[in-house]
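Novice: Heads up: the sequence shown is residues 1 to 627, going by this note's numbering.
Read the hints as simulated data drawn from the structure, not as lab findings. You may find that some hints are simply not true.
To be verified - Subject to a maximum C-alpha distance of 25 Å in a straight line, what follows is the list of computed DMTMM-like cross-link-like pairs (lysine to aspartate or glutamate): (1) 617 to 294; (2) 474 to 294; (3) 9 to 117; (4) 58 to 599; (5) 618 to 321; (6) 251 to 89; (7) 513 to 167.
Claimed, not checked - So the derived label-pair ranges between C-beta atoms look like this: (8) 617 to 6: 46 to 52 Å; (9) 324 to 546: 16 to 22 Å; (10) 479 to 66: 53 to 59 Å; (11) 222 to 547: 51 to 57 Å; (12) 357 to 126: 38 to 44 Å; (13) 342 to 582: 38 to 44 Å; (14) 341 to 612: 46 to 52 Å.
Glycine is no exception: its CB is placed at the ideal position from the N, C-alpha and C atoms.
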Amino acid sequence: MRKLTGYQKTVCYILGVFVSIFSLYTAAFGVLAPFLQRSIHVAALLPMVFMLYPASKKHSPKDHFTLLDAALAVLSVIPCIYVILHNEDLQTRMVFVTHLTTVEMVMGIILIICMIEAVRRSVSGVMAGLVVIGLAYLYVGPFLGGLLCHKGLSFERMIEASTMLTDTGIFGSLMGTSATFIIVFCIFGAFAVESGAGGFFTEFARAIAGHTRGSSAKIATISAGLFGTMTGSAVATVYTTGTFTIPMMKKGGFSPEFSGAVSAVASTGGQLMPPIMGAAAFLLAENLGITYGEVAAKSAVIAILYYFSLFAMIHFKCLRDDIYGEAKEDLPQLRSVLKRSYLFIPILLLLVLLLSGVSTLLSGLIATGACFAVSLLDKENRMTPKKLLKALYDGGKSSAMCMAALGGAGLIVVAVTYSGLALSFSSLVVSFSHGSKFLALLLIAVACMILGMGVPSTAAYVIASALGCRILIKLGVSPFAAHMFVFYFSIISNITPPVAVAAYAAANVAESKPMRTGVLASLIAVVAYIVPFVAAYNPALLMEGSPATIIQSTITAFVGVYLIAGAIQGYFMGNLNIVKRVILGGIAFCFIAVGTVTDIIGVALAVAFIFFQKLGKKKLSQNGQEQ
1 MRKLTGYQKT VCYILGVFVS IFSLYTAAFG VLAPFLQRSI HVAALLPMVF
51 MLYPASKKHS PKDHFTLLDA ALAVLSVIPC IYVILHNEDL QTRMVFVTHL
101 TTVEMVMGII LIICMIEAVR RSVSGVMAGL VVIGLAYLYV GPFLGGLLCH
151 KGLSFERMIE ASTMLTDTGI FGSLMGTSAT FIIVFCIFGA FAVESGAGGF
201 FTEFARAIAG HTRGSSAKIA TISAGLFGTM TGSAVATVYT TGTFTIPMMK
251 KGGFSPEFSG AVSAVASTGG QLMPPIMGAA AFLLAENLGI TYGEVAAKSA
301 VIAILYYFSL FAMIHFKCLR DDIYGEAKED LPQLRSVLKR SYLFIPILLL
351 LVLLLSGVST LLSGLIATGA CFAVSLLDKE NRMTPKKLLK ALYDGGKSSA
401 MCMAALGGAG LIVVAVTYSG LALSFSSLVV SFSHGSKFLA LLLIAVACMI
451 LGMGVPSTAA YVIASALGCR ILIKLGVSPF AAHMFVFYFS IISNITPPVA
501 VAAYAAANVA ESKPMRTGVL ASLIAVVAYI VPFVAAYNPA LLMEGSPATI
551 IQSTITAFVG VYLIAGAIQG YFMGNLNIVK RVILGGIAFC FIAVGTVTDI
601 IGVALAVAFI FFQKLGKKKL SQNGQEQ
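Generate the whole structure from the sequences, applying the supplied hints.
Specialist: This is how it looks when you write it as structure tokens:
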């Protein structure tokens, strides 16, 4: 991201402050008509992307935008202004009946090109490529054969579906999410930093646990998990908690990529963690005809496994890389930190509001106001007019990349929806799986992640459950396990490249490479990709079966997850070479796999592995003493 100066910074500043004030105003007095709200949101943030993100990381200037960037910024605003001025006419037109005018065609083409370029610059070239491929497939589908063939859309209808106020496309429901509560939480995060609330959280965490290994990452995991279960949005959680936990992790010795990955994984897991979970969990309960309490109780074990695996990953990384906590003498005194505990009121207030049933949007607004209010009590962190404007600008700036990511995802939704790709999925699974449960699970997992890359978790679950759950149940998977499988993979798509929206949001905060952060996030969350498969074969992890089976499966699963973390990080009672990592991974699989026999084999192999590790460690110690 560029660090602009002079009049260029002023221009960008004005846009950022405007979109933040506009978003806070609508949050307080009522959101505008959906497409009007979204078009104003895009009109302010899309040009900021061209100003802040260079066309080339190697060759473009880092302190100012070029004439080409300025031209693209201006060009990107024109279609949005057209939509704003003709909003009523566009909403009353008959979709796929009324023909587009020449002006509307031109406006649509300009907006699509600008959005794809914005995605390439701020998110990743891979996602931009997917958008292009998706739209191309939508157009050429009628000319293809076999399963890839579909009716397709004409060029005109493709432009219409992508840009002319449909619930898919650039101004679709995804952009609605960005234009409402996500940007409000971005603003809250910026206000938390400027008011000192974020700094207080960091100091408090350091005071109580700063001396432990990897304390910053572990604290970040807990805070993101707790907050994520209430927001139901991985991206909003990243921007809210990551604003102050990611810098804390970087200061604690972790790389920007790892810091961003931890924040993304922990934030995503919030939708899996009882007692609140995400909105899709309520739909899951309704689909199965059970209470929400049953859903929360049955999913508790695999949710805890998710976070246990993340803690284990952090622990082994700290052991491998010699990352320690801070020296106690360098840590702040808890008593002195607590004197400024009033700075924690905004975060506490936000949690209380969300738990009490206040809307996410209003909760974010009130908490933002609370940040300003408590800052007035602290001379050091008092929000002056200058600080207030900076917070408004930072909030708008941090939401720019998210807007581009969701705009690109909206175009992918157009391709998936109108190509009929989602609806033909059932027949595809049946054709390729040939009655194999594992292949069916694998195909459905891939489909869920693809859907989740371009569709909010709730919508992805709805589509995928309608398509895949029936197939899994016919293949012998229990109804709850089938729905939980789909639910799980619909959510972890947030950290699955190439469209890992939560990971890219974390990369934006961490100032790290988005794709590397996404890959690392999926690596440290590898257990999240394994456990649903295990639960499909062994529903004991979902509290289904005899008490003895449930206890045995749970214990062995935790052991297996712990060993997997060691294998991934390359440390278990000492550094591991590639051969030992593979062996340890195989032992872990024995514990995770279903069956008493595999558990016994796993115990025997684990004992042998520990013995040889201790023996090797002893020999190294003796050799060191001799030398």
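Novice: Each hint should be assessed against the structure and marked as holding or not.
Specialist: Here is how each hint holds up against the structure:
{"no.": "1", "hint": "617 to 294", "result": "violated, 47 Å"}
{"no.": "2", "hint": "474 to 294", "result": "holds, 23 Å"}
{"no.": "3", "hint": "9 to 117", "result": "holds, 21 Å"}
{"no.": "4", "hint": "58 to 599", "result": "violated, 52 Å"}
{"no.": "5", "hint": "618 to 321", "result": "holds, 21 Å"}
{"no.": "6", "hint": "251 to 89", "result": "violated, 53 Å"}
{"no.": "7", "hint": "513 to 167", "result": "violated, 31 Å"}
{"no.": "8", "hint": "617 to 6: 46 to 52 Å", "result": "violated, 59 Å"}
{"no.": "9", "hint": "324 to 546: 16 to 22 Å", "result": "violated, 44 Å"}
{"no.": "10", "hint": "479 to 66: 53 to 59 Å", "result": "holds, 57 Å"}
{"no.": "11", "hint": "222 to 547: 51 to 57 Å", "result": "violated, 30 Å"}
{"no.": "12", "hint": "357 to 126: 38 to 44 Å", "result": "holds, 40 Å"}
{"no.": "13", "hint": "342 to 582: 38 to 44 Å", "result": "violated, 53 Å"}
{"no.": "14", "hint": "341 to 612: 46 to 52 Å", "result": "holds, 50 Å"}
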